[in-house]
Amino acid sequence: MFRIINLTFIVILLTITRANSLIEIDITRGNLDPLPIAVSPLYQDDKSKKNSINEIKIENVGSEISSVVENNLKTSGLFNPLSKDAFLQKPDIAHLKPRFEDWALIKAQALITGKVTMENKKLKVEFRLWDILAGREMMALAFTTVPSNWRRVGHIISDKVYERLTGEKGYFDTRIIYVSEEGPKTARVKKLAIMDQDGFNNKYLTLGNELVLTPRFNPTSQMVTYLSYFKNLPRVYLLDIETGTQEVVGDFPGMTFAPRFSPDGKKIIMSFAKDGNSDIYTMDLENRIVERITNHPSIDTSPSYSPDNKFITFNSDRSGFQQIYIMKADGSNVKRISFGKGLYGTPVWSPRGDLIAFTKLHKGKFYIGVMRTDGSGERLLTENYYQEAPSWSPNGRVLIFYRETKSNDKGEGFSAKLWSIDLTGYNERQVQTETDASDPSWSSLLSN
Amino acid sequence: MYRGLLISSGFHVAIVMVSILALPFVAKKPLDIPPLISVELIQIAEKTNIPFAPKASKIIEKAKKENNKLLSEQAPPKKVKKDKKKEVQTDKKKNEISKLASKKTPTIENNIEKLKKEKLNAVPLPEKEKQKIQPKEEKKQKPSKEVNDENIKKLVETKKPLLDEKKVKQVSEFEKKDKLDLNEIAALIDKKKENLAEIKQDEDKISQSSDETMDYSTLTLSEEDALKAQIFTCWSVPIGLPFSEDLLVRVKLQLKPDGSIEKLEMLDHIKMNTPGKEKFRTLADSVRRAIQLCNPLKVPTSGYERWKNMILNFDARDMLGG
Chain R
-9 MFRIINLTFI
1 VILLTITRAN
11 SLIEIDITRG
21 NLDPLPIAVS
31 PLYQDDKSKK
41 NSINEIKIEN
51 VGSEISSVVE
61 NNLKTSGLFN
71 PLSKDAFLQK
81 PDIAHLKPRF
91 EDWALIKAQA
101 LITGKVTMEN
111 KKLKVEFRLW
121 DILAGREMMA
131 LAFTTVPSNW
141 RRVGHIISDK
151 VYERLTGEKG
161 YFDTRIIYVS
171 EEGPKTARVK
181 KLAIMDQDGF
191 NNKYLTLGNE
201 LVLTPRFNPT
211 SQMVTYLSYF
221 KNLPRVYLLD
231 IETGTQEVVG
241 DFPGMTFAPR
251 FSPDGKKIIM
261 SFAKDGNSDI
271 YTMDLENRIV
281 ERITNHPSID
291 TSPSYSPDNK
301 FITFNSDRSG
311 FQQIYIMKAD
321 GSNVKRISFG
331 KGLYGTPVWS
341 PRGDLIAFTK
351 LHKGKFYIGV
361 MRTDGSGERL
371 LTENYYQEAP
381 SWSPNGRVLI
391 FYRETKSNDK
401 GEGFSAKLWS
411 IDLTGYNERQ
421 VQTETDASDP
431 SWSSLLSN
Chain X
12 MYRGLLISSG
22 FHVAIVMVSI
32 LALPFVAKKP
42 LDIPPLISVE
52 LIQIAEKTNI
62 PFAPKASKII
72 EKAKKENNKL
82 LSEQAPPKKV
92 KKDKKKEVQT
102 DKKKNEISKL
112 ASKKTPTIEN
122 NIEKLKKEKL
132 NAVPLPEKEK
142 QKIQPKEEKK
152 QKPSKEVNDE
162 NIKKLVETKK
172 PLLDEKKVKQ
182 VSEFEKKDKL
192 DLNEIAALID
202 KKKENLAEIK
212 QDEDKISQSS
222 DETMDYSTLT
232 LSEEDALKAQ
242 IFTCWSVPIG
252 LPFSEDLLVR
262 VKLQLKPDGS
272 IEKLEMLDHI
282 KMNTPGKEKF
292 RTLADSVRRA
302 IQLCNPLKVP
312 TSGYERWKNM
322 ILNFDARDML
332 GG
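Residue numbers (the working numbering), protein chains in the order written: chain R, -9 to 438; chain X, 12 to 333.
These aren't lab readings, by the way, just hints derived from the structure by calculation.
On a predicted model such as this, the values are computed, not experimentally measured, just so you know.
Glycine residues also receive a C-beta, built at the ideal position from the N, C-alpha and C atoms.
Incorrect hints may appear among the rest.
As the list claims (entries may be wrong) - Derived pair list, reagent style DSBU-like, types lysine-lysine, alpha-carbon separation capped at 35 Å:
no., chain 1, residue 1, chain 2, residue 2
1, R, K300, X, K309
2, R, K111, X, K309
3, R, K80, R, K39
4, X, K290, R, K97
5, X, K290, R, K105
6, R, K112, R, K39
7, X, K309, R, K256
8, R, K97, X, K309
9, R, K111, R, K159
10, R, K159, R, K318
To be verified - One side of the interface only, derived from the structure: several residues of chain X facing chain R at Cβ under 8 Å:
no., residue
11, T231
12, L275
13, I281
14, K282
15, M283
16, L294
17, R299
18, Q303
19, F325
20, D326
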């Protein structure tokens, strides 16, 4: 009897669910083209224009800021800024209330409008991000700063727009520190230099008297650590970019390589050769205590912390060839993760934590690639004659590295330039620098 | 004289015999009969040209299974049940005749019919299927009662084969259409058939739009493909999003008959404003833009009730490196 009741109940239930079931369609593909976006010049009235000429010698700073934004969004590879010639609405009216039909007509899906005022030697920038198809405002912000900071305002706007439209933090309000190189290959003058991520505001931090190598940013501040040779002895330095103060962290014996900050900025991790054996060490910046992490007869170098401080990736030739390994932060549980053909080096843990970038040498070619932290999913993003030293953007989506060209027998034709590539491997661009450049390191976001 | 003639004829006969038996080009080649190729007839809607992602394949397979069910279930439409009582006893005889007729003529159609009948046998409603069209005709026959006896006889005569055809036509919609055309031509020639042709047209309309057995929970694959293809082009996937399991946005749509969107509802809208779910919000925004860009959707011309409400699952996991 109960069985019959149960069966009837199930049948009724099934009938009801069947009758109420809706068509479900799975959309598993989409358009991977960059998002079409219109960056309207930021409106500036005549009075502000006069003031800006007096202050920063630029007449239409609003238009300049919009160009900075446009350029940033374009180089990210994720946006397609539309030509300003196609715009139908004037900037002042567009900022108040855009005619969405006009912008939809030129196939824009998002619109940036804004207004710039300059009074009492202060630059005030407002901007709004509009969703054209939904016909609504997505974001509205205003910044006040000193007029000379106008480029940074452009970068901050770019970051905000990027974050709102892609769901992850931007990387435009950042700087890149690198080694500037000049002169013939055999007698290069190497200086420490810093610039905005788009190549502007270039500054030299050292004079070029000493050889400088491997500058690395502190992920939590505007502090840099680098290696410099003083009287043929390697020294690890700390440099505060904001104040310009510099200090020697210590003299280390033998060959010292690649000092790098831990993600919390409290330690420096590096490798140096003690008693002829290169191992990995950390140094606490507060008490200057040096701790040995690896103890192996092989050469262990290029250490890099995971963003949670719990693991370290490094390269070692303990298997006979140079390969990538990971271990716990205390040096235990050493595990090899790279098993491909060729030699692997310079592993760098992504700030996102999901990937490790590396340089690979195989059959005379250099590759920049990424793999998951367990060594799976190896992807080679770019191949060239000589390239190395990848450094992650703070959002873990773009890598900057340097590439050298082959010189002829006389040593001519040699050059070293900075390049960036995103994780898709398709958006590869040269980063403009005044001189030849190598060993780049990307800072964290300045506005954090 | 005779001897010479005999020798000559004998000689000629010998030459002819030799040429027939020994010369190869005179001999007839045996006919090369090509081997029989079995052809499976499938509805176009069962095939898709759109390459699909691995995850979608499961769904498509599911849909295929449901479509197979549909094939076997479509033949006995529900209206037959309603007309059960009105069934005329003589129909059984007619059915038998029709069966015999179909057996005698071994055409492709009959073979298909056989196959489908075999399928039908698996479905417990074979008798109803045979009685399907009967009652409607009776209704339409009523005005013809006014006509004189001779006309009635003629009508009965013409009806018999037509009824048989109708039963064949129940097999699939395509065949129905074919035969409908033939009847229309026949009706033009023989005006007595006109009424019957009209009956059939009505019947087809019923089966297209208001068939109660139609499965409202599915679209045919070609209809689904058409919808997908539109949305694929409209959806600009935010490719900067890092991979996570949260890259699925479900949207419920209510559509007007012309395909324009009456109501759009995000099924996980709570996530939209949850702190820490900015990536989901970004994806949801892109989905909203895609739907607005595709508005109005190009929808199937029939079966509004089927696609009036639908859920779209925007899954970016495969594209963003899952």
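Hint check:
{"no.": "1", "hint": "K300(R) / K309(X)", "result": "violated, 53 Å"}
{"no.": "2", "hint": "K111(R) / K309(X)", "result": "violated, 57 Å"}
{"no.": "3", "hint": "K80(R) / K39(R)", "result": "holds, 17 Å"}
{"no.": "4", "hint": "K290(X) / K97(R)", "result": "holds, 24 Å"}
{"no.": "5", "hint": "K290(X) / K105(R)", "result": "holds, 29 Å"}
{"no.": "6", "hint": "K112(R) / K39(R)", "result": "holds, 13 Å"}
{"no.": "7", "hint": "K309(X) / K256(R)", "result": "violated, 60 Å"}
{"no.": "8", "hint": "K97(R) / K309(X)", "result": "holds, 20 Å"}
{"no.": "9", "hint": "K111(R) / K159(R)", "result": "holds, 31 Å"}
{"no.": "10", "hint": "K159(R) / K318(R)", "result": "holds, 28 Å"}
{"no.": "11", "hint": "T231", "result": "violated, 11 Å"}
{"no.": "12", "hint": "L275", "result": "violated, 10 Å"}
{"no.": "13", "hint": "I281", "result": "violated, 17 Å"}
{"no.": "14", "hint": "K282", "result": "violated, 12 Å"}
{"no.": "15", "hint": "M283", "result": "violated, 12 Å"}
{"no.": "16", "hint": "L294", "result": "holds, 7 Å"}
{"no.": "17", "hint": "R299", "result": "holds, 6 Å"}
{"no.": "18", "hint": "Q303", "result": "holds, 4 Å"}
{"no.": "19", "hint": "F325", "result": "holds, 5 Å"}
{"no.": "20", "hint": "D326", "result": "holds, 5 Å"}
Checked against the numbered hints above, the structure violates hints 1, 2, 7, 11, 12, 13, 14 and 15; every other hint is satisfied.
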